[in-house]
Amino acid sequence: MCIAIPGKVTAILNENTASVDMGGIRREVNLDLLGGASNALLGKYVLVHVGYAISEISEEEGKETLRLLRLMADLDAEESDFEKTNANGKEAGVCGK
Amino acid sequence: MEKKLVSVANKIDAEATLKLEKKLLEKLKARARPLRIMHICGTHERAITKHGLRSVLPEELEVLSGPGCPVCVTPEKDIDLAIALARSGAVVVTFGDMLRVPGSAGSLLDAKAQGADVKMVYSVDDAVKVAEKFPEKEVVFFGIGFETTVPSNAAALLRGVPENFSFLASQKRTPPAIDLLTKDIKVDAFIAPGHVATIIGTKPFEPFAKKGFPVVVSGFEARDILLGINLLLKQFEEGKARVDNGYPRVVKPEGNVIALEMMEEVFETGPAEWRGIGQIEASGLSLRKEFEAQDAAKQHRDLYEKALEAIREKADKQDKTKKNCICASILTGKAQPTACPLFGTVCTPKTPTGPCMVSLEGMCHSWFKYNRKARVEKSRPKKDKKAGGPEDA
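Chains C and S, in that order, give the protein sequences.
Numbered per my numbering, the first sequence finishes at 97, counting up by one with no gaps.
Numbered per my numbering, the second sequence finishes at 393, counting up by one with no gaps.
I should point out that these hints are in silico values taken from the structure, not numbers from a laboratory.
For glycine and all other residues, C-beta sits at the position ideal for the given N, C-alpha and C.
Some hints could be false.
What the hints assert, rightly or not - Below, in silico cross-link-like pairs of lysine-lysine (DSS-like), each with a Cα-Cα straight-line distance of 27 Å or less:
1) S:Lys-23 <-> C:Lys-63
2) S:Lys-50 <-> S:Lys-234
3) S:Lys-29 <-> S:Lys-240
4) S:Lys-252 <-> C:Lys-8
5) S:Lys-252 <-> S:Lys-210
6) S:Lys-240 <-> S:Lys-203
7) C:Lys-44 <-> S:Lys-252
8) C:Lys-63 <-> S:Lys-22
9) S:Lys-234 <-> C:Lys-63
10) S:Lys-119 <-> S:Lys-298
11) S:Lys-240 <-> C:Lys-63
12) S:Lys-112 <-> S:Lys-298
13) S:Lys-186 <-> S:Lys-240
14) C:Lys-63 <-> S:Lys-203
15) C:Lys-63 <-> S:Lys-19
16) S:Lys-137 <-> S:Lys-77
17) S:Lys-29 <-> C:Lys-63
18) C:Lys-8 <-> S:Lys-129
19) C:Lys-63 <-> S:Lys-252
20) S:Lys-112 <-> S:Lys-137
21) S:Lys-289 <-> S:Lys-137
22) C:Lys-8 <-> C:Lys-63
Claimed, not checked - Facing chain C, according to a computed beta carbon distance under 7 Å, are these residues of chain S, among others:
23) Leu-20
24) Val-71
25) Tyr-122
26) Asp-125
27) Thr-149
28) Pro-151
29) Ala-155
30) Thr-198
31) Asn-230
32) Val-250
33) Ile-258
Given these sequences and hints, build the entire structure.
Encoded structure:
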């Protein structure tokens with residue numbers, strides 16, 4: 001029930017809603033819980049639950065996740081092609097999709 | 001197994017993900033010790049079962065499933081009330097999972113089959129649209145959910161809803177339930193629900209760490225869960241108990257402040273009944289007085305009281321099959337689906353007896369869908385181990 005899916009804000013539709021691309025599927029998503037649909041969110045990744053964006057997925061914190069993963073897996077820098085493949089993409093995998 | 005592990009990666013090279021997951025599992029095995037770890041999230045259970053994580057984890061590490069499915073813990077009484085409202089002529093609108101959960105006498109879907117107007121929506125906003133489309137009808141949104149879902153309901157009410165729209169609240173806060181579990185069952189550490197924490201932050205879990213239970217907030221990929229368990233094991237290694245955030249790309253320590261403020265403005269905390277568990281203090285979120293006009297319980301008071309009376313009458317007449325359902329023990333981590341005599345025989349996703357089988361994220365549903373082999377092995381005497389499928393059990 002608490003499943004949430006990441007998507008990219010592609011267009012602002014009105015003060016509450018935006019069009020969000022979730023793996024190729026576009027849906028109207030309400031952005032009230034992120035302070036309303038402002039242009040500042042355009043192009044950003046958000047986490048969507050029951051039609052509402054509940055969190056912005058930040059690139060910086062995505063890097064923190066990678067750091068934690070590396071730390072816990074004991075991977076050193078050379079071994080970590082994980083990060084390289086991830087450099088131009090968002091670390092956006094969130095739910096079991 | 002490996003194929004499943006990699007299928008989740010988004011824009012991440014599959015091989016690198018697999019390598020990382022293998023490393024995480026290796027480290028986890030090296031760190032393992034006898035522990036009972038409980039998660040409180042249906043989405044976690046689904047991910048753990050889907051990826052077959054229990055089959056690769058060291059035996060001494062037991063991962064339990066807690067009351068993390070809001071559909072499963074919605075009490076029969078609330079479903080009965082929703083059905084009574086639907087039968088009285090109101091349009092009852094709710095999430096798909098909720099339609100099939102049995103109340104004391106049938107589900108909302110049964111009521112629909114008998115002519116009641118019951119509709120399924122994806123979002124509270126869709127429910128508001130139904131009210132706008134049918135101004136001549138009373139539209140009741142049966143709003144269930146944990147803190148992840150509650151803010152969307154608050155936002156819709158704050159934006160303003162049509163006069164014919166009312167809200168039947170059956171919403172819950174998770175920390176009070178976790179608190180109860182720390183006193184009730186033997187558990188060593190918790191995996192906190194990642195999307196609940198997205199809203200409430202990591203602080204509400206700190207009291208559990210203070211009591212000596214290591215906590216980790218975890219995401220929902222196989223690697224997130226492996227990372228989370230590693231972080232918990234590290235706390236045990238260090239002899240410490242704190243709240244680690246293993247899901248920082250989404251969860252901030254303070255949570256979503258805007259969402260929390262909206263929740264606070266619209267809802268107030270009070271006791272709530274959890275199916276299979278009973279009443280838990282301060283675990284419910286009902287509408288504040290200022291939103292009385294949108295409160296289905298107040299708007300349809302007569303109907304409510306009539307329905308409640310009927311529910312009390314029915315309470316003793318529950319059929320025998322249902323009494324064998326051990327959903328209550330499953331929800332509190334005291335038993336696994338395989339211990340239930342109905343699981344996979346009388347009770348299947350097509351013919352669910354209890355809510356754990358109805359909800360897509362109920363433990364029984366996940367186990368039936370993804371863990372049938374283990375179930376067949378467990379439920380059969382050893383000599384029959386190689387015999388056919390569960391249907392002939």
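Quick rundown of the hints versus the structure:
1. S:Lys-23 <-> C:Lys-63: holds (19 Å)
2. S:Lys-50 <-> S:Lys-234: holds (25 Å)
3. S:Lys-29 <-> S:Lys-240: Holds, at roughly 20 Å.
4. S:Lys-252 <-> C:Lys-8: holds (19 Å)
5. S:Lys-252 <-> S:Lys-210: holds (20 Å)
6. S:Lys-240 <-> S:Lys-203: Status holds; Cα separation ~17 Å.
7. C:Lys-44 <-> S:Lys-252: holds (17 Å)
8. C:Lys-63 <-> S:Lys-22: holds (20 Å)
9. S:Lys-234 <-> C:Lys-63: Status holds; Cα separation ~21 Å.
10. S:Lys-119 <-> S:Lys-298: holds (22 Å)
11. S:Lys-240 <-> C:Lys-63: holds (26 Å)
12. S:Lys-112 <-> S:Lys-298: holds (24 Å)
13. S:Lys-186 <-> S:Lys-240: holds (19 Å)
14. C:Lys-63 <-> S:Lys-203: holds (22 Å)
15. C:Lys-63 <-> S:Lys-19: Judged against 27 Å, a Cα distance of about 18 Å means the pair holds.
16. S:Lys-137 <-> S:Lys-77: holds (24 Å)
17. S:Lys-29 <-> C:Lys-63: holds (25 Å)
18. C:Lys-8 <-> S:Lys-129: With Cα atoms ~25 Å apart, Lys-8 of chain C and Lys-129 of chain S stay inside 27 Å; holds.
19. C:Lys-63 <-> S:Lys-252: holds (14 Å)
20. S:Lys-112 <-> S:Lys-137: holds (16 Å)
21. S:Lys-289 <-> S:Lys-137: holds (24 Å)
22. C:Lys-8 <-> C:Lys-63: Status holds; Cα separation ~18 Å.
23. Leu-20: Because about 5 Å separates Leu-20 of chain S from the closest Cβ in chain C, which is inside the 7 Å limit, the hint holds.
24. Val-71: At 6 Å from the nearest chain C Cβ, Val-71 of chain S passes the 7 Å test, so the hint holds.
25. Tyr-122: Holds, about 6 Å.
26. Asp-125: This hint holds: Asp-125 of chain S lies near chain C, its Cβ roughly 6 Å from the closest one there, short of 7 Å.
27. Thr-149: holds (6 Å)
28. Pro-151: The hint holds - Pro-151 of chain S has a Cβ within 7 Å of chain C, the shortest such distance being about 5 Å.
29. Ala-155: holds (4 Å)
30. Thr-198: With Cβ-Cβ at 5 Å, under 7 Å, it holds.
31. Asn-230: holds (4 Å)
32. Val-250: holds (5 Å)
33. Ile-258: holds (5 Å)
Checked against the numbered hints given earlier, the structure satisfies every one of them.
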